[in-house]
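Hey, can you work out the whole structure from these sequences and the hints?
In case you want the letters, here they are:
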Amino acid sequence: MLTRTALLMCTVLAILSVGVWHYANTSADYSYDRLLSSASVTMLDGINVDKNQVHIDLPYSAFEILQLAPEDKIYYGIYGPNGHLLSGYSDLPLEPSMTERAADQPRYELHTYKGQKVRFIVRHKRLSERSVAGNVTVILGQTTIARDTQMRDTLYAALTTLMAVMAIALLVLWLAINRALTPLSWLSSQLVSQSPLENGQLPATKIMEVAPLTQAINNYRQQWLDALAVMRDFIADASHQIRTAQATTKAQLEIALSSQSEKIDRSVVEAIYQDHTKLTRLTNQLLVHATIVHRGDRQEFIPLDIPVILQEVITHAVRDYAHTDIEFEYVAAHEKVAILGDEIVLKEALRNVIDNAVAHGSTGNAATHGLIRISLKASGPNCQLWVEDNGPGIPEEQRQRALERFVKVGSNTQGSGLGLAIAQTAAISHHGQLMLSQSELGGLAVCFLLPRLTEASNASLNS
Amino acid sequence: MRVLLTEDNEGLANSIVHYFTDNGHAIDWVHSAEKADLILSHDEFDMLILDVNLPGKSGFELLSSLRSRKNPLPVLILTARADIDDRVSALDLGADDYLVKPFDLRELAARCRALVRRERGKSDNEIQCGNLSFNSATKTVKIDDEIIELRPREVQMLELFLTHLDRMLTKDDIANRLYNFDEAYTPNAVEQTLTRLRKQIQGSTLIIKTVRGLGYLAHVDD
Chain A
1 MLTRTALLMC TVLAILSVGV WHYANTSADY SYDRLLSSAS VTMLDGINVD
51 KNQVHIDLPY SAFEILQLAP EDKIYYGIYG PNGHLLSGYS DLPLEPSMTE
101 RAADQPRYEL HTYKGQKVRF IVRHKRLSER SVAGNVTVIL GQTTIARDTQ
151 MRDTLYAALT TLMAVMAIAL LVLWLAINRA LTPLSWLSSQ LVSQSPLENG
201 QLPATKIMEV APLTQAINNY RQQWLDALAV MRDFIADASH QIRTAQATTK
251 AQLEIALSSQ SEKIDRSVVE AIYQDHTKLT RLTNQLLVHA TIVHRGDRQE
301 FIPLDIPVIL QEVITHAVRD YAHTDIEFEY VAAHEKVAIL GDEIVLKEAL
351 RNVIDNAVAH GSTGNAATHG LIRISLKASG PNCQLWVEDN GPGIPEEQRQ
401 RALERFVKVG SNTQGSGLGL AIAQTAAISH HGQLMLSQSE LGGLAVCFLL
451 PRLTEASNAS LNS
Chain B
1 MRVLLTEDNE GLANSIVHYF TDNGHAIDWV HSAEKADLIL SHDEFDMLIL
51 DVNLPGKSGF ELLSSLRSRK NPLPVLILTA RADIDDRVSA LDLGADDYLV
101 KPFDLRELAA RCRALVRRER GKSDNEIQCG NLSFNSATKT VKIDDEIIEL
151 RPREVQMLEL FLTHLDRMLT KDDIANRLYN FDEAYTPNAV EQTLTRLRKQ
201 IQGSTLIIKT VRGLGYLAHV DD
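Heads up: the sequence lines are chains A and B, in that order.
Just so you know, the first sequence maps onto residues 1 to 463 in our numbering.
Just so you know, the second sequence maps onto residues 1 to 222 in our numbering.
Pair ranges (Cβ atoms, derived): (1) B/Arg120 <-> A/Ala236: 46 to 56 Å; (2) A/Lys263 <-> B/Asp221: 26 to 36 Å; (3) A/Lys408 <-> B/Asn9: 30 to 40 Å; (4) B/Asn71 <-> A/Arg266: 34 to 44 Å.
Worth flagging that the hints you see were computed from the coordinates, not collected in a lab.
Don't be surprised by glycine CBs; every beta carbon is placed ideally from N, CA and C.
Structure, rendered in structure tokens:
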């Protein structure tokens, strides 16, 4: 940043130097032209007509004036009314013009004469004697040593001042930038020295301007740490669950293998099969959960016709549980219900809740069949997807816990403890919520409360 | 039925071959899609069990090349991928069914039977569902080779269910097939016919489930 500023200043300096050079030139010309001017006037005063002859008496004072520039040489020429040289140098680089009038301002010209730069003034005087009438012209030249010196002096003085000002400005700028960026350097040094995963907040700063930034960084970091903590917990939970199940199966297999008899007891194999089935289900559920969480992050939602999805899910469930005596029932909504969502996630969540209802509902008394009622209700801006069973349900005080991962409530130990957690994750990723309550059928009622896709929101989506 | 299994995991393949052979099915096993393609070009099979992840050509590639050749062979896809989208793309590519690993061998066999049954029902007159058989030409119904007497409406209903296994049929769907415009029917008529049909086919492996509010679904539990 400082380099760019310095470059900019150099450009400004260059432009200013041109201006200063011009000014110095003009002012030197101005002062020395005055000398020339007054000397030429004095010379013209010494010209008069005497006895029908132009008489020239060069006054000493004219040269006295020009003496003010002692180094410089002076050249002059005086021309009569007919343009003849009356006195002075005959080879001056400029000629008197006959058309000029005495009333005109004197004319200044710069010429190279005898290898030197010479500033000339041309001035006229009108002679109006009867015998001699017309303009006498004085051409007076002076070399430019003195004026050049003055010009240089002015230029150098101005440039020196200018550069000093620029340097001071740069210095001040450098100091200011450094001072302004000190908090940031401090911040970056703090960040470099810490691991991003370290659970340390940045130290509080006294610099008020940076405080919001440190706070933002702290917040951001905390969110990451929280997400990481959730993941760590999940991995810990998952490994515990999977390893326990694996250990069980492995132990059973070892016992079966170390048995003395050649034949393996069928009941042992059946127990192993049961446990392995549990392990399989657990693994599947874990993967589904991870997938749903991941898909939720991506948020690729499309409008979904809920009754169609429900019918598909129910058809699959009825088919898969056809061999059991569980009855399914569907209560449709009175109007069209559509939401913005992820079909796969929603189906997976519903299937999990239905599986749950099957597992927990059918354990009821033998007199009544297991009954699962799936209903869809539209209520204003939301829709409710209910899955109810006639099992024992979950006591109110345990319902909140039942939504947590790996938490199994009630007597059933076959589940993975993930079904409701999956459903809840899905509901939340659809900007809705999952609610548990007591069903009028007697068992648990699970309700997905999801925001509906209304005409208005559909229009805003399409536009 | 004759099944071709394309699976690169030897342990799993051996188990499947073992199970199918034990259940009296002819099953051939190949490691790769290329081999399967070769065998399918000169041998007749009733269905193909196809793993997605194979060395060389993937199961999906084999499936789409089969379908592009208009080969109607029923295909059941086995997948182990975590992404649920796999199942959707399998069906889009023309698979008839899919199973996610790990699965029950019993389930695999049942799905295969259902697919073969569906395919045969299109060409054969005889539909075999577990221990129940139905001849669509003679309209005879047998359970364990014993002829069951059914009324014409019940036969119509049974045929409708057998041709729509594992699919939801609404009461209107059924009524439209069973009754023509001239016949007046009460909403209860369908249910009465169904009740009688259920009673008649008791002891068969065909289950007809009622889903209140949605319709009826027939499933073969074999």
